[in-house]
Amino acid sequence: MNPSDADAELMLRVRRGDRAAFRELVERHQRGVIQTIHRAIGDAWEAEDLAQRVFVQVWRSAGRYEPTAKFTTWLFTIVHNTILNEHRRRARRGAESLDALAQSDEETETLGAQFADAQSPDPARAASERELQARIGAAIRRLPDNQRTAVVLCRFEGLSYEEIAKVLHCSVPAVKSLLHRAREALKEELQGWC
Amino acid sequence: MNCKETQANFDERLDSRLDVAYSAAFDAHVADCPTCAAQWRAYAGVWSAVARHVATEPSTGFAERTLRRLDETLTEKPRGWLAPLWRWALAGSLIVTLSGAGWLGWQRTHHTNMQVEAYITAQQDRLEDFDVVASLHLLNGNNPHEKANVN
Ligand SMILES: [Zn+2]
Chain A
101 MNPSDADAEL MLRVRRGDRA AFRELVERHQ RGVIQTIHRA IGDAWEAEDL
151 AQRVFVQVWR SAGRYEPTAK FTTWLFTIVH NTILNEHRRR ARRGAESLDA
201 LAQSDEETET LGAQFADAQS PDPARAASER ELQARIGAAI RRLPDNQRTA
251 VVLCRFEGLS YEEIAKVLHC SVPAVKSLLH RAREALKEEL QGWC
Chain B
5 MNCKETQANF DERLDSRLDV AYSAAFDAHV ADCPTCAAQW RAYAGVWSAV
55 ARHVATEPST GFAERTLRRL DETLTEKPRG WLAPLWRWAL AGSLIVTLSG
105 AGWLGWQRTH HTNMQVEAYI TAQQDRLEDF DVVASLHLLN GNNPHEKANV
155 N
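Those sequence lines, one after another, are chains A and B. Read in order, the letters of the first sequence are residues 101 to 294 in this note's numbering. Read in order, the letters of the second sequence are residues 5 to 155 in this note's numbering.
The following block holds chain B by itself, in its conformation from the complex:
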């Protein structure tokens, strides 16, 4: 294995995606090559440091509070009364209407403008909740088109 090949496989080695023989060849090259060894140490060192990052633990009673929140949510006016396609149509027309209303509001008084903006923001928040549902739809294999890349 040469330097170029070794360095191209840093990620696979870190994520244990190389087969045994390839992995052994990788390790042998790193053991013999000071350049690759230094780069590998830096690359792998950061990844081990990241693993030591501490995040918060769930607070006591989290599950209990989640069940209470679920109950509160379920007693709210149900939102699942429209078929998904209609939801999007409704949401789209809502945004168009509200944007128009927002523009008119801005034209009239500052006060009205603020109210309309707050309302539009609330509707945008609600639309984003639809995104979550839509992404689950994709996960169930309802859309064969995958994004090639992301960010």
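Pulled out of the complex, with its shape left as it was, chain A reads as follows:
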């Protein structure tokens, strides 16, 4: 059974209220969901909180799932909308959002530091890797919502243009254009670092 069939089968069980199937779906997709949200908002704790909301929404919406739709497309549609909502919420609570942004930059740097230290025993190289990690994270977060989702789904989650188009409710040429503009923006932001 391919992974996509396995997901569809689990979702059909979730539709019948099967908690074990739900748990299995969470375990299969928790990493992709948490990391996609983390790359959008920067805060690891908040990313887990929002990821839980995503999975609760999966349970609640299971009755609307049709096996004709690939589960990951369906899941990332919920993820993308949850991120949009979170950005709107943060925009409404302006001051809090600035605090959160400062915190998320700090946190990303810590995460990058752990990675850099693990990757290289050379302190100078580790420092430069840490800086690069922080810059890449910030550059991804600064992209407009749809560009960022297109980049994350294409680069990290391996979705095709057609699947990304479904998640963003747009055409395949629009996805291509989103990715092109995002890559140009990232190139601009990361000039001299890559």
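These are computed hints drawn from the structure, not numbers from a lab. Wrong hints could be hidden among the right ones.
The list that follows gives simulated cross-link-like pairs (lysine-lysine, DSS-like), each with its CA atoms no further than 27 Å apart [unchecked claim]: (1) Lys287(A) with Lys276(A); (2) Lys276(A) with Lys8(B); (3) Lys8(B) with Lys170(A); (4) Lys170(A) with Lys276(A).
Bear in mind the structure is a predicted one, so any value in this text is a computation, not a measurement.
Fit chain B with the ligand to the given chain A structure using the hints.
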């Protein structure tokens, strides 16, 4: 393949969307043309750097906590008692009423204003949860109109 064509296909080449013959022609041009080679290095280099970005890993017990949260959510007062169309109608009228109430509140006292604003914000948050459901509706093919572009 000329320079213009090569550079127009950077994205397709990165995403392996060119067929074998076209891909070979692309690579041959880049190997021979210093201008395209430099631009390709910069473009592809950033994309490989992005792939190295590290995001957080799920913490231990995430699935367990998600199940607990689900239980908490399910014991809350159910919200699925209205048909989707009625939800939107209700949500719309709620916003109109609350906006009016918010305006009146602002007119009266600062304290009331703050309370009404908080209430409106909470209702907006709730409305956005409806957006998620609406987008799944679109995904199931219930709306044939696609947005041509986005942001
Ligand atoms: Zn050339």
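ask   = Of the hints stated earlier, which fail here?
value = Hint 3 contradicted; others consistent.
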